[in-house]
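Participant: Residue strings, one per chain:
There are 2 protein chains.
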Amino acid sequence: MQTGLSESSISTLTGSKYTWINGKAAEQLAVEDRAIAYGHGVFETVCVLSAKPQLWSLHLNRLASGCRRLYIPLDLNQIQIQLNQFLDFFAIEGDGVLKIVVTAGCGGRGYAIPSVIEPNVVLLWFAHSPAKNNEHQKGITATVCDARLARQPLLAGLKHLNRLEQVIAKQELNTCNEDLAEGIMLDTEGFIIEGVTSNLFMVSNGVLATPQLDHAGIAGVMRELILSKAESVAVTVEIGNFSVDSLIAAEEVFFCNSLIGVWPLTKLVGCGEPVRWMYGETTRLIQKTIGPYCFPI
Amino acid sequence: MQTGLSESSISTLTGSKYTWINGKAAEQLAVEDRAIAYGHGVFETVCVLSAKPQLWSLHLNRLASGCRRLYIPLDLNQIQIQLNQFLDFFAIEGDGVLKIVVTAGCGGRGYAIPSVIEPNVVLLWFAHSPAKNNEHQKGITATVCDARLARQPLLAGLKHLNRLEQVIAKQELNTCNEDLAEGIMLDTEGFIIEGVTSNLFMVSNGVLATPQLDHAGIAGVMRELILSKAESVAVTVEIGNFSVDSLIAAEEVFFCNSLIGVWPLTKLVGCGEPVRWMYGETTRLIQKTIGPYCFPI
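For the protein sequence lines, the chains are A and B, in the order given. At position 228 of the first sequence the residue is numbered 227 (numbering that gives the first Met the number 0), and the sequence of numbers has no breaks. At position 89 of the second sequence the residue is numbered 88 (numbering that gives the first Met the number 0), and the sequence of numbers has no breaks.
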């Protein structure tokens, strides 16, 4: 590793091991950045195995689409170049979590987008913290969060930086008496949308179903991978609006994201008597199919 | 002015004249700040006249209540101390716009709130740009934005840093052919909520009405001042849910915020034939009443 950062500056970071901004080892953004002012930007959380970012083209596609919808000009080649520099500079060879943040850059006071946007591209590297044991892969306990997601078609699907709903939901989970690995979030109409940090799938009568995300939620890359692989393993998929009742009636339920892969949900608490699902064949099949793209169990 | 900032560092700021972070002249926040990651923080925009912040206790109250709702511990005395240091350090004596941002400080990867939150307090100073002429005070043109506000009771009323809806609405106004000073935002159910950068009041049959903000919108300090002063000038107030039809049927309409004071709305475009309202007696009375607390006309 080159020593571009002083010991003292590294010590100011509380979680990330290495940070990189616009092609240089750096740790700070100007206070006028529109990410700070308005959450004007997008991010990606990427599973890196042996220095190779997994599902990279899916991440890049989502980054591009998010930037386009938020008026941020983005050169995807630049992201690739910066990533290569970053991995090289810090001599990263192993596994870890790469977070990419693209902001709308600096602006003056007021919501108006500057006539010229110069995005800031931030790369952060975090050590991977594997689950304490493999319970997460065998079956987790969750609850339905009281915190609901607002219905906002303008922002639905995007992995943008306006994430107070998730912060509030996560705080709800963390102050709960039960040891909950995840929480299910409904929208304000009561439809199931996703997990606080994941997407959600249900298996009923051999059909793999997941909520549509045109009014709320984040369209995860692992969700996209699963949808694209399902047909090839002879599983029919359905994207729609689902109630808690249809969740309870499902045969299997699982969460997914780009880091954890697939977590079977085997117990739901907080809605009267606990609801239990089996860790079934379809979940195992999907888990096996997407296994190579996330941290090993 | 003391020379705590180098010329080169000042030149990186695109809009603010002076910046102050946690009691020091500084311009950057760590990339791990939760304001960047999730918009986890709140802000205030304060009218400063002759170095005196107007409606200061209302701003401080809102700051405290916003921080409480977002789990950010805040010492209001510290805000006062930092403001005094800031005004003193830069020898600020005149008028300007003070922006205060309080973030949830640094955190690791993930939505979970750190066990100890050390908020970052940022003060920014902007020159006041008066309107080109006094049209703004005599009557402006607005439209109803296509961009709607999501209904989210958990965040309604707060001046938090998740402001992509306003960024999108402002962009809609700025790419419109008409010269529009403001846009009216409805929620996704079609109720009137506010202006993109202001609150909204209507006068009908001698009653001063403004939308309730328990599902969407920012509870502005100027709105609060007007509500508290209205009774004393013999105007009855009503807070409720209002449709565009009731807006069109109103006798007078005005926008307000802590910088502009009161802007009469005299013309609405984009909803068929233009709608016109008079710049009436109640608006003038309110304008006169709140005049001392914002930039002079």
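Check the hints yourself; a few may be wrong.
Claimed, not checked - Listed below are the simulated DSSO-like cross-link pairs for lysine-lysine, each with C-alpha atoms no more than 27 Å apart in a straight line: (1) A:287 - A:228; (2) A:158 - B:51; (3) A:23 - B:23; (4) B:51 - B:158; (5) B:51 - B:266; (6) A:158 - A:228.
Everything labelled a hint here was simulated from the structure, so no lab data went into it.
Participant: Evaluate each hint against the coordinates.
Facilitator: Hints, one by one, checked against the model:
Between the alpha carbons of residue 287 of chain A and residue 228 of chain A the distance comes to roughly 11 Å, so the proposed pair stays at or under 27 Å and holds. Restraint check for residue 158 of chain A and residue 51 of chain B: the C-alpha separation of about 41 Å exceeds 27 Å, so the hint is violated. Straight-line distance between C-alpha atoms of residue 23 of chain A and residue 23 of chain B comes to about 25 Å, which keeps the hinted pair within the 27 Å bound. A threshold of 27 Å between alpha carbons decides the hint, and for residue 51 of chain B with residue 158 of chain B the separation of about 22 Å falls inside it, so the pair holds.
Between the alpha carbons of residue 51 of chain B and residue 266 of chain B the distance comes to roughly 34 Å, so the proposed pair goes past 27 Å and is violated. Our distance criterion of 27 Å between C-alpha atoms is met by residue 158 of chain A and residue 228 of chain A, whose separation comes to about 22 Å.
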